[in-house]
Amino acid sequence: MLRSVAMLALIAMLVPGSVQAADTAAGQAVFARCKICHTTESGGRSLVGPNLHGLFGRKAGSQEGFAYSEGMKNSGIVWDDDKIRQYLAKPRDFIPGNKMAFPGIKDENEISNLLAYLHEATK
Numbered sequence: 000m001l002r003s004v005a006m007l008a009l010i011a012m013l014v015p016g017s018v019q020a021a022d023t024a025a026g027q028a029v030f031a032r033c034k035i036c037h038t039t040e041s042g043g044r045s046l047v048g049p050n051l052h053g054l055f056g057r058k059a060g061s062q063e064g065f066a067y068s069e070g071m072k073n074s075g076i077v078w079d080d081d082k083i084r085q086y087l088a089k090p091r092d093f094i095p096g097n098k099m100a101f102p103g104i105k106d107e108n109e110i111s112n113l114l115a116y117l118h119e120a121t122k
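Residues in the sequence shown are numbered from 0 upward in steps of one, following numbering that gives the first Met the number 0.
Treat the hints as calculated values from the structure; they're not laboratory data.
One or more hints might be untrue.
Okay, derived cross-link-like pairs now, DSSO-like style, lysine-lysine, Cα gap no bigger than 27 Å in a straight line [claimed, not checked]: (1) Lys82 <-> Lys72; (2) Lys72 <-> Lys122; (3) Lys34 <-> Lys105; (4) Lys89 <-> Lys105; (5) Lys82 <-> Lys34; (6) Lys98 <-> Lys72; (7) Lys122 <-> Lys89; (8) Lys105 <-> Lys58; (9) Lys98 <-> Lys82; (10) Lys98 <-> Lys34.
Just the calculated beta-carbon pair ranges, DEER-fashion [stated by the list, open to error]: (11) Ser68 <-> Ala20: 33 to 41 Å; (12) Asp106 <-> Ile35: 14 to 22 Å; (13) Ser45 <-> Arg91: 15 to 23 Å.
Note that the structure is a prediction, hence the values are computed from the model and not measured.
C-beta: ideal position from N, C-alpha, C; glycine also.
Kindly produce the complete structure, drawing on both the sequences and the hints.
Here it is in structure tokens:
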């Protein structure tokens, strides 16, 4: 029994991000880079980028009142953690032709923290 617990603990340390808890406060700090263009509150206005309220489960390019690129509107993507993670890492590569002028986030831990924050802030 003790050996099994030790093995599980070792596996948890070796698996990146997904098993380790994300830090919502750290994610809020990462979002500071995003809030120049995006808001998160219900009824919030779109800035240079769309309001992100209700992001999870929403079809890409579908928020009323925002002028999306054809690439975004025609992507067929429904936003979930995996899709957002891929998009945040390489926005231009993940959805060619999108208008987001952001180079991406290279640090997986920062993306995990940002996702944790977005789950709270966009409800």
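Against the structure, the hints:
Only pairs whose Cα atoms come within 27 Å are accepted, and Lys82 paired with Lys72 is accepted, the gap being roughly 15 Å. Simply put, Lys72 and Lys122 have alpha-carbon atoms about 22 Å apart, close enough for the 27 Å limit, and the pair holds. With a C-alpha separation of about 18 Å, the suggested pair Lys34 and Lys105 falls inside the 27 Å cut-off, and the hint holds. About 8 Å separates the Cα atoms of Lys89 and Lys105, which keeps this hinted pair within 27 Å; it holds.
Our distance criterion of 27 Å between C-alpha atoms is met by Lys82 and Lys34, whose separation comes to about 20 Å. For the hint linking Lys98 to Lys72, the alpha-carbon distance of about 11 Å falls within 27 Å, and the restraint holds. For the hint pairing Lys122 with Lys89, the CA-to-CA distance comes to about 25 Å; that is within 27 Å, so the pair holds. Between Lys105 and Lys58 the alpha-carbon distance is near 24 Å, which keeps this suggested pair within the 27 Å criterion.
For the proposed pair Lys98 and Lys82, the alpha carbon gap of about 17 Å is at most 27 Å, so the pair holds. In summary, the hint linking Lys98 to Lys34 is supported, as the alpha carbons are separated by about 16 Å, within the 27 Å threshold. A C-beta distance of roughly 35 Å is found between Ser68 and Ala20, which places it inside the suggested range of 33 to 41 Å. For the pair Asp106 and Ile35, the supplied restraint of 14 to 22 Å holds, since their beta-carbon distance comes to about 19 Å.
At about 20 Å, the beta-carbon gap between Ser45 and Arg91 stays in the expected band of 15 to 23 Å.
Figure legend: structure checked against the earlier numbered hints; every hint is met.
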